[in-house]
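Here are the chains, one letter per residue:
8 protein chains.
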Amino acid sequence: MSKPYTRLDKNNAAVLLVDHQAGLLSLVRDFDPDKFKNNVLALADLAKYFKLPTILTTSFEEGPNGPLVPELKQTFPDAPFIARPGQINAWDNEDFVAAVKATGKKQLILAGVVTEVCVAFPALSAIAEGYEVFVVTDASGTFNEVTRDAAWNRMAAAGAQLMTWFGVACELHRDWRNDVEGLAALFSNHIPDYRNLITAYTTLKASK
Amino acid sequence: MSKPYTRLDKNNAAVLLVDHQAGLLSLVRDFDPDKFKNNVLALADLAKYFKLPTILTTSFEEGPNGPLVPELKQTFPDAPFIARPGQINAWDNEDFVAAVKATGKKQLILAGVVTEVCVAFPALSAIAEGYEVFVVTDASGTFNEVTRDAAWNRMAAAGAQLMTWFGVACELHRDWRNDVEGLAALFSNHIPDYRNLITAYTTLKASK
Amino acid sequence: MSKPYTRLDKNNAAVLLVDHQAGLLSLVRDFDPDKFKNNVLALADLAKYFKLPTILTTSFEEGPNGPLVPELKQTFPDAPFIARPGQINAWDNEDFVAAVKATGKKQLILAGVVTEVCVAFPALSAIAEGYEVFVVTDASGTFNEVTRDAAWNRMAAAGAQLMTWFGVACELHRDWRNDVEGLAALFSNHIPDYRNLITAYTTLKASK
Amino acid sequence: MSKPYTRLDKNNAAVLLVDHQAGLLSLVRDFDPDKFKNNVLALADLAKYFKLPTILTTSFEEGPNGPLVPELKQTFPDAPFIARPGQINAWDNEDFVAAVKATGKKQLILAGVVTEVCVAFPALSAIAEGYEVFVVTDASGTFNEVTRDAAWNRMAAAGAQLMTWFGVACELHRDWRNDVEGLAALFSNHIPDYRNLITAYTTLKASK
Amino acid sequence: MSKPYTRLDKNNAAVLLVDHQAGLLSLVRDFDPDKFKNNVLALADLAKYFKLPTILTTSFEEGPNGPLVPELKQTFPDAPFIARPGQINAWDNEDFVAAVKATGKKQLILAGVVTEVCVAFPALSAIAEGYEVFVVTDASGTFNEVTRDAAWNRMAAAGAQLMTWFGVACELHRDWRNDVEGLAALFSNHIPDYRNLITAYTTLKASK
Amino acid sequence: MSKPYTRLDKNNAAVLLVDHQAGLLSLVRDFDPDKFKNNVLALADLAKYFKLPTILTTSFEEGPNGPLVPELKQTFPDAPFIARPGQINAWDNEDFVAAVKATGKKQLILAGVVTEVCVAFPALSAIAEGYEVFVVTDASGTFNEVTRDAAWNRMAAAGAQLMTWFGVACELHRDWRNDVEGLAALFSNHIPDYRNLITAYTTLKASK
Amino acid sequence: MSKPYTRLDKNNAAVLLVDHQAGLLSLVRDFDPDKFKNNVLALADLAKYFKLPTILTTSFEEGPNGPLVPELKQTFPDAPFIARPGQINAWDNEDFVAAVKATGKKQLILAGVVTEVCVAFPALSAIAEGYEVFVVTDASGTFNEVTRDAAWNRMAAAGAQLMTWFGVACELHRDWRNDVEGLAALFSNHIPDYRNLITAYTTLKASK
Amino acid sequence: MSKPYTRLDKNNAAVLLVDHQAGLLSLVRDFDPDKFKNNVLALADLAKYFKLPTILTTSFEEGPNGPLVPELKQTFPDAPFIARPGQINAWDNEDFVAAVKATGKKQLILAGVVTEVCVAFPALSAIAEGYEVFVVTDASGTFNEVTRDAAWNRMAAAGAQLMTWFGVACELHRDWRNDVEGLAALFSNHIPDYRNLITAYTTLKASK
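Chains as they are written, first to last, in the numbering used here: chain R, 1 to 208; chain E, 1 to 208; chain B, 1 to 208; chain F, 1 to 208; chain P, 1 to 208; chain A, 1 to 208; chain G, 1 to 208; chain X, 1 to 208.
Any given hint could be a false lead.
[As the list claims (entries may be wrong)] Which chain B residues face chain P? A few, computed with CB under 7 Å, are given here:
#1 Leu25
#2 Asp34
#3 Lys35
#4 Lys37
#5 Asn38
#6 Gly63
#7 Pro67
#8 Ala128
#9 Ala185
#10 Ser188
#11 Asp193
#12 Asn196
[To be verified] Derived lysine-lysine pairs resembling BS3-like cross-links, with alpha carbons at most 30 Å apart:
#13 X:Lys105 with G:Lys3
#14 F:Lys205 with E:Lys205
#15 F:Lys35 with R:Lys35
#16 G:Lys48 with G:Lys73
#17 X:Lys48 with X:Lys10
What the hints contain is simulated information worked out from the structure, not anything from laboratory work.
Positions of the beta carbon are idealized from the N, C-alpha and C atoms, including for glycine.
Could you build the full structure based on these sequences and the hints that come with them?
Right, dumping it as structure tokens:
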């Protein structure tokens, strides 16, 4: 009776980054800014590392919402980038949906700002069309914890799986032996405690 | 197997504001008073902006519970206003249910004080009669977070969708192009961070 | 597909108070002691007010767990009181189950210490035997919030309804007109903010 | 041996509002935005109500810091407004100091963004020049609570008095009989709980 | 160089309870209402237990601030009760100061609502006149923790000693042998954990 | 329609301890280190006390993740210990699954570091293969509360039961009379409040 | 003008452990019980490690306060142990003061339960008699954080130095070279993170 | 009577970075790791930007404490680096003190791990020798907030000024016109919200 285990598969997954714009980010207050910035860039780096097709989209970026944060543009220079002219739910934008379909993937890894709108709306729409949706909770931000909790509840009830960028990376990678260096670098760059473990280990190893 | 995406439709939605009374508001301690006041008025303003039929109701307003907060009366001078003589669950009041039915809407956007009683009881009753219920979590207040969490759990298990006033506004509006000015004004009046974005943007734009 | 609204009915409900013992109470740290004491006594008072059959039980009260708190014994001098000789799950005790069955009620309002054991175990057992279980979350305490959250999750997944003593009182009473004085007295004795509303109201009314 | 009681005197006090700019406000995360906006406007309203000489200043408002929030300009259309060309400590700006001196007041009521810089620096400088400084803690914001605590510690050690806008208003007013209506209006506009008390009181009074 | 130890002396201490009024109490949000009510009544009970001269005062109790909470009137039927006609700082009221002086005590134990005004102002004034002031922090409430912290800082800098009702009781009593029963009763009535200790102890003792 | 009560049975349960390694533990920040260490050791002690087959596994223990904490090795010197060469999900390791199957048990009590990966992945896999999974939430740690909440949500949605080490012990033991001394010792060693109850009780009992 | 640096000297320091009794410990709620137990035992272990004269005292241990926790008695079998017959402030007990004087030390390292009474009172008394007092804040517990903050403020204002057991150990030891093994063992036994560092380091070192 | 304003002067200040080692950093739990890493690197970057003489020191870096984090070595390749052989208080190491004296500066900007030892001890020693000490609170970390608060209290009482890296940067820079680009780059690299302001501003400016 419970939900079956749908596991992320790097050959069947795409990443959707929705509205991480310079203006909108000032609305995010359920994460500390340093941590949130790190989480978003970690998700971007893992998308690149696993060579997952990635789609960028923004809402009204000519106005107060501001431009996409430059780091994302730089990480994905060739990714489809849909600057939506007005649709709040990215899934209401035909170009966006077409880009998603063009990836040919059935698993959507989704993050954005703000959680209860820019993430929840396309998540619910994609599930309704048969996609498996994995929300990257820690790369999605919103006004406060109360708002976040309500949004998580709504998405989970609809069948979305709530994950984190670290969980996504681990479920995609499956086995360290596929590439120890690469995964360690990803963690070292985005998890200070892990970096410290590696520093201490490497230094001690080298000192023998 | 998961719950299908039921999306708010401005042509099929009504707003129910339950027991936002001057006395009862002193019981609300799961939100800061400044924030809660803003959330309630934001919900009222969006109801008016989207021209949603809105119903006001109070419990025992002659007694210690106190009168409906004046701002709500002023925003909806012509709305049905049911001063319940004793029913705790608004849905037990025939006039209230009649007013809901008279709207002809099937989607109910619901907020009130206190969450586990004045919101949860009519939410559960309305769901039982086939309505789609959207609880505006941040315009509903109660004694403390423990109480709120239990109430959310009970309503969500029954099929209510937990939202926020901002999510409601966005899902109703769907596309900025329907009215940029209007939605921006709503946000500017009730989201200080958004107002600041607009101020900075407008000033800079004007300075060219 | 969602859970139907099962509403508390004062003619069909019994109250089970499990292991509110002087020693065990020192384990409760997810509520402030002043607040928790008040919540437990409020639940006891409402059980008495609504004349609900009430069952008291303790675990090993001769040992370190200590005796039942005296206020509960005093409030229910004639209630069945099952001092369990060893069963941790009260539902494993035949006398306790017999007492529950003897009430002839199908709705069980349940609270105790500690939540994940003394409340969760009988809640799950009672549901398995077809009872409708309403957990009074704020009159049930445990070691910390993490533990509580896990216990709530387990009980809610099994079909228990999470409530508070205030919600229980309101759902049982249904209409203020059934007895304004009595319900107001219950609230005045256990909700300081409500008492203040009544004090201010009454004083001003009298001053006219 | 302890610090003597220096009491605010409405005939000897001026208000300094430092760098409440649209861009800088997005840095403030030790207060909820709704609450912080209200606190700043409450301070502005009280300055106006008590007719205290008020000085506005901004840092680099042509750049990313953004313009002064419009409400402040509107409240004080004729106040000295010093747009500092570069000085971070407002007290390093001769025009600002001249404006302060021109008020002829010895008590400075100070608030700004961010606390440890735009408030603390001029507070320390003013104390060093013999002024009595009253920091309005809840109309001053910064990155987080850790930063705020350090800033408060530094200012208090130097002799600043830490207050709130409400405390300032009360200490300036001294006696309700000086103007009941005016002070009540100030509180009603900026303290929702107080507004509710007044609403309930007035309604009941009128109903007699 | 540090502040010398000024110890409470039951023969030289008076208690001042300032503005614990039914309306104003709804403003208090830095304590849970159950806990705050208990703290205030505990302070009242200890004042009575130690037979300390006690003075009650209120601000504008005919208006929205509401009447003194009835329990305090009942506990001190013969205490001086100064209903101030307008002075915000109780020390600005001649009758209040006269009542304080009439006690002949030099140590003032002070609590009230709200902390940064009704407590801080008379505390600072009393210190300025040479009194030793002991603020009962947990029987004094205000809007939020930020406000409280600022008020504590201001009072401590001026030389007030910050205490709690429990600390006050212990420092006044000095030796359990002065009256074991009485002090135990005070603690049992206002500290649930202590009551539980006594219940468990007494029961086990009796069972021998 | 709700999930039936699956109760832990000491004759049908095995314990899986996943990746409690010296390096990885520095990543755990959703529990205080003192508390987390105690919880993990309590789980180990209960596994031993109930003679549950227990399986230890580590990930990459030659590298920065570090060795299994020595206490676990010492508690279970003869337990299967699978040092995984690279599989992140322990269930992807054939030896681990074989060890689980070799126990012949259908109920798996699972804890590990970090929750959303080392616990969630094998939990989901085991459920998919028909095992009943009980997650020991307080002996499983991760980066922060946000991450934990998302992981709990994912596992609970899949049918895992969220428990604590204390709940597990109580559900396995069922009746104090099975062994009062043994269970009391387990609690005394890992619950300071319980130890204090026992100390006070025993001392008083002995003093008669 | 600031307080000069008084540094702990192991040849001039004594440790006073006040009222760590099995009953009173149930009152401590400003620390998690696992953490607090660890902190108290760490302080005891360091006192023994540095061979500091240590004095134990209890209040009314025949009654509900309960006996001294057994671990402290076991750690200091030959220490002066003053079971006070009634004095709340240990310094009011002549035997206790005599025991302190008999140590011949001028620096007193002090911890106890509860902070604002059993710690603060003797701290203030000892300072008044010219001792240098170092309060071990994390081995002293009380009802809640508000109470603790007030007690810290009072003691710090009087000249006490607020420290932690770890800071005390480090200031006494001064140089690792005095005994690397011993200090590392103390830290390994009471700081799980440090133990993990040592485990990882030692294992890797040994693997070469 | 209050402490005079001692202002940081870039010509008279040196930076001391104490024990930011890979192992010790795992002990820091009063800051989120992402934030703390950012704060430490921000302080390093500002030291370099203002060309302040900087001194690095470590404690026992061959052992479990681990090596200095590589970023600090890289930022200051030519800085004095004192690997202390055993002294816990860096000021007890003659080479360290000599290096400090060699800078010829009287203002010491100090940060390290852990706060109550590696920061507090040299801070107190330096003050005792007449230096002006500025503690960078947010680049100094320790076990928990309780420990931090005690350490701050001790240092502030001794005359240290508590600051943050941002406050230090602003007080050193004094006037944006000294170098707009440089300071903006420092802020953009270490304050995500500020970076967003600059991104939005620059993009809009460029779009004209």
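Hint validation: Lys37 (chain B) versus chain P, beta carbon distance must be below 7 Å. Holds or violated? Since the shortest Cβ distance to chain P is 4 Å, the answer is holds.
Does the structure keep Lys205 (chain F) and Lys205 (chain E) at a Cα separation of 30 Å or less? With Cα atoms ~52 Å apart, Lys205 (chain F) and Lys205 (chain E) exceed 30 Å; violated.
Would you mind confirming whether the straight-line C-alpha gap from Lys48 (chain G) to Lys73 (chain G) stays at or under 30 Å? Given that 30 Å is the threshold and the Cα spacing comes to 12 Å, the pair holds.
Does Asn196 (chain B) pass the interface check with chain P, least Cβ-Cβ distance below 7 Å? At 4 Å from the nearest chain P Cβ, Asn196 (chain B) passes the 7 Å test, so the hint holds.
If you take the shortest Cβ to Cβ gap from Asp34 (chain B) to chain P, is it below 7 Å? 4 Å, holds
Is the interface hint satisfied for Ala185 (chain B)? The criterion is a beta-carbon contact with chain P at less than 7 Å. 14 Å, violated
Would you settle whether the hint for Leu25 (chain B) is holds or violated, based on the nearest Cβ-Cβ distance to chain P being less than 7 Å? It holds, given that the least Cβ distance between Leu25 (chain B) and chain P is near 5 Å, below 7 Å.
Hint status (Cβ of Asp193 (chain B) to nearest Cβ of chain P, threshold 7 Å): Status holds, d = 5 Å.
Proposed proximity, Lys10 (chain X) with Lys48 (chain X) (alpha carbon, max 30 Å): 12 Å, holds
Evaluation of the interface hint that places Pro67 (chain B) against chain P, nearest CB under 7 Å: 5 Å, holds
Interface hint compliance - Lys35 (chain B) to chain P, C-beta minimum distance less than 7 Å: With a closest approach of 4 Å, the Lys35 (chain B) hint holds.
Should the hint that Gly63 (chain B) touches chain P count as held when the rule is a Cβ pair under 7 Å? At 10 Å from the nearest chain P Cβ, Gly63 (chain B) fails the 7 Å test, so the hint is violated.
The structure is inconsistent with the numbered hints 6, 8, 9, 10 and 14, although it conforms to all the rest.
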